[in-house]
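Each chain, letter by letter, is given below.
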Amino acid sequence: MNFLRIKNETAVKREMIPDITPEKLSAETARMCNDQKRIVSLFGNREGAGVRIYSVLADDEISYLYVSSALVKEGGSYPSIAQHFLSAQLFEREIYEEFGIIPEGHPWLKPVRYPENAADKNLKMEEYPFFIMEGNQVHEVAVGPVHAGVIEPGHFRFMCTGEKVHHLEIQLGYQHRGVEKLMKEKDSVFLSESIAGDTVIGHSIAYCRAKEALAGTQVSDSAEAIRAVMLELERAGVHLGDLSALAGDIAYLPGNAVFGAIRTMIINTSLAICGSRFGRGIIRPGGVVFGIDGDMQEQINNTLDVNEKKIDLMCSVMFEASSVLSRMQTTGTVDKKTAEEIGMTGMAARASGYEVDCRADHPFGAYTHVPVHKRGMKSGDVFARAYLRYVEIKQSFKLIRELMDYNRNTNLIADMKPQQPSMFVVSLTEGWRGEISHCVITDKEGKIERYKIKDPSFNNWLALALAVRGNGISDFPLCNKSFNLSYCGFDL
Amino acid sequence: MFGLIKVRIMQGSQAIPDVKKAVLNPAFRGFPVIDAKCKTLDFEGDKVCPTGALKTGPVSIDMGKCVFCGECARQCKNAEIEISSSHHIAADSREKLIVKPGDKYADFEENAVAARAEIKRLFGRSLKLRQVSAGGCNGCEMELNACSNVNFDMGRFGIDFVASPRHADGIVITGPVTKNMAPALEDTYKSIPLPKIIIAAGTCAISGGVFKDSDALDRSFFEKHKIDLYVPGCPVHPLTFVNGVLKLIGRK
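One line per chain: the protein sequences are A and B, in this order.
Under the working numbering, residues 62 to 553 are what the first sequence spells out, in order.
Under the working numbering, residues 2 to 253 are what the second sequence spells out, in order.
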């Protein structure tokens with residue numbers, strides 16, 4: 062058996078994971094991808110003098126995960142999976158950058174994030190090898206790292222003729238803080254909250270679920286319900302902020318003002334529950350620190366009722382305005398085939414018709430009781446990504462109301478048992494951008510040996526680069542905001 | 002058009018009338034209050050505080066390192082540490098951010114940001130800021146963006162974020178300052194014409210926050226340049242930022 066079949070958030074003994082040759086790992090991963098499976102993560106872990114490559118795949122239809130591994134010696138190589146499946150390309154580049162293990166035949170072997178622990182100590186950001194187009198009419202536009210707005214830094218290099226963008230290449234790494242190394246040293250929930258500060262709940266749930274699996278600790282239904290409520294509040298809150306920003310970018314000021322004000326109401330609900338507008342301080346290993354009692358439940362319901370009406374009205378006006386539609390429709394299109402090919406995830410993938418959602422595909426926590434129906438669009442343009450946010454806000458509000466039925470506000474936090482030694486767990490959570498994966502390996506003492514984080518932005522930055530092809534460069538900010546990807550989540 | 006009129010009527014007036022007097026939900030974790038009698042703690046500060054903000058022997062909480070998680074107050078069995086919801090916690094010096102036993106919020110607030118005539122003269126009516134995220138997790142960035150929304154509306158005080166450092170009167174830094182971003186931060190700061198001020202917004206900018214022990218950071222900027230305003234928070238609350246800046250530019 063070349064792959065071990067496991068489930069989301071279920072820890073297994075490390076020794077159970079198959080150990081096959083690097084050639085076999087590539088071939089079998091490709092074979093599985095040909096047969097319905099999707100790449101969740103490919104990552105390396107230093108083992109003795111070599112590096113063990115792990116391949117983690119998912120079958121979304123039957124809610125199973127598959128893991129296998131191969132040991133590659135220092136400076137060694139394996140046949141690139143990206144030659145056959147583009148969705149592997151960035152993972153292989155990441156392994157190469159950190160460990161120097163070569164993916165033979167990789168079509169685009171370039172730096173990823175210029176980390177502190179890069180294998181090649183001479184790697185310099187100024188020397189990133191951008192793809193250059195030749196020609197008299199071609200001009201190169203460089204944007205960043207510092208951008209016009211109050212936003213994280215990254216570098217965008219456009220190759221244009223006139224106003225039209227032929228190629229965009231995104232070079233990141235400016236936000237690299239060394240999170241994985243810190244996580245190994247400190248094993249801290251506070252760190253998980255700051256991986257991406259707009260996905261506090263998403264990443265802290267992934268962290269806590271991984272820890273709970275490794276410690277064999279059960280979390281109460283009430284705690285799981287409250288966690289899911291916070292996750293959906295986060296999703297709705299950020300989507301509202303995004304709708305505000307998108308409206309601002311197309312100079313539709315009523316939308317900019319109204320969605321911004323409604324977002325305040327939603328995140329102030331998080332504040333009322335746990336003291337933080339971003340949900341910091343509530344998700345902890347074993348459960349949640351703050352409960353939601355009858356009064357709070359009523360307050361939440363009122364807030365959702367009042368604001369849902371406002372959102373419905375504003376969206377009906379905005380999405381019928383011809384000025385809005387003319388900017389958003391057919392702009393920044395990513396078709397379904399491309400979305401699936403490059404391994405897109407989350408809301409942006411669903412807007413292109415590629416419907417992946419780990420709340421439905423690999424249910425975790427309270428989502429095992431409250432089913433999530435996957436919602437998607439077909440056009441894959443800015444309009445689809447904007448409208449789908451509206452659809453998801455309403456879905457989140459509905460989920461919050463249903464989830465609160467599972468909350469008895471008791472046994473909010475369980476005592477954590479000791480973390481088991483030599484275990485492996487994959488913890489998937491559907492953050493508002495898409496699938497978050499935390500793959501954790503413990504050593505012989507039960508301490509963290511490897512903490513591999515994959516933010517959904519890791520899958521989707523390439524989608525932005527492809528989306529702007531053929532569009533005017535002045536539509537870039539709109540396309541960028543329609544994805545709203547995390548720079549720090551990518552850079553780690 | 003009638004749809005827009007309906008929206009406008011539905012929204013009413015959204016601006017917080019008086020940002021200085023606005024009160025936050027009591028759940029908000031702001032200024033820590035340490036009882037005057039508190040000499041030691043009945044728990045290990047290092048095990049509880051994620052950033053070393055909490056010191057024992059004698060007890061103090063450094064708001065510049067604090068991520069306002071509230072763990073210390075929760076662990077403190079005899080309630081000698083309480084986290085109040087007071088949010089005017091910006092200060093003009095690093096030392097003022099350290100809260101000691103018996104320190105009262107009212108005294109802190111009175112003295113936190115000293116009026117500087119020169120700053121009031123130059124920027125009292127118009128302060129344009131260039132924001133640089135140097136490793137920020139996007140929490141502070143989102144809250145700084147919120148400062149310009151219809152609720153907090155700092156634009157009404159003449160405070161805005163601008164796109165170019167050439168148009169700016171000062172720089173607002175978020176994030177612990179990564180090695181990869183340090184050159185761009187210095188370049189942006191150099192590009193701002195004199196006279197200019199520096200604001201460090203958020204725990205990461207002030208002290209490195211939860212990332213302070215990372216070897217991927219380069220905080221030499223803070224050794225080279227004098228900071229005019231420190232705004233604590235994880236993330237900063239828009240009202241903390243707006244009130245801190247208003248005090249700095251002499252709009253008491």
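Hints are computed from structural coordinates only; laboratory data are not their basis.
A virtual CB, placed ideally from N, CA and C, is assigned to each residue, including glycine.
Please note that a few of the clues may not be correct.
[Unchecked claim] Under 7 Å between C-beta atoms, here's a sample of chain A residues computed to sit facing chain B:
id, residue
1, Gly109
2, Gly111
3, Ile231
4, Tyr235
5, Gly309
6, Ala312
7, Leu332
Which hint numbers does the structure go against, in order from smallest to largest? 1, 2, 3, 5 and 6
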